[in-house]
Amino acid sequence: MEGIRFEVGENLEFVLGVADVVSCASNSEKALVLGKWLKAGTHLDLVAKVEVGELDGAFERGVVEEDGVEGDLVELIKRVKIGRKEANETTVVAFNVYY
Numbered sequence: 000m001e002g003i004r005f006e007v008g009e010n011l012e013f014v015l016g017v018a019d020v021v022s023c024a025s026n027s028e029k030a031l032v033l034g035k036w037l038k039a040g041t042h043l044d045l046v047a048k049v050e051v052g053e054l055d056g057a058f059e060r061g062v063v064e065e066d067g068v069e070g071d072l073v074e075l076i077k078r079v080k081i082g083r084k085e086a087n088e089t090t091v092v093a094f095n096v097y098y
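If you use numbering that gives the first Met the number 0, the sequence shown corresponds to residues 0 to 98, in order.
Please note that the accuracy of each hint is not assured.
[To be verified] Each computed BS3-like pair below joins lysine-lysine, with the alpha-carbon atoms no more than 25 Å apart:
hint, residue 1, residue 2
1, K80, K38
2, K35, K84
3, K38, K84
If you're looking for bench data, these hints aren't it; they were derived computationally from the structure.
Could you put together the complete structure from these sequences and hints?
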């Protein structure tokens, strides 16, 4: 695809700081991607095996701000909610496998 590059790196903090799109699939029990490492405007998608209530834990730890959640994927697809409004906004899609 013209104009699109896929790259890997050994320093996660550096790679996250320059990436436009980050995709992370993990069953890690600790956070691998820290929001403070993402540059403005990055899109992050996560696939994780989590316990029910993990989103609440993310709110409690300050990883996600409750007023920063604009909607869910269904609302975006149906255009009930608008996703990114400005180019410097970070967007996150989380696909969770609950157990």
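request  = Return the numbers of the hints above that this structure violates; sort them in rising order.
outcome  = none
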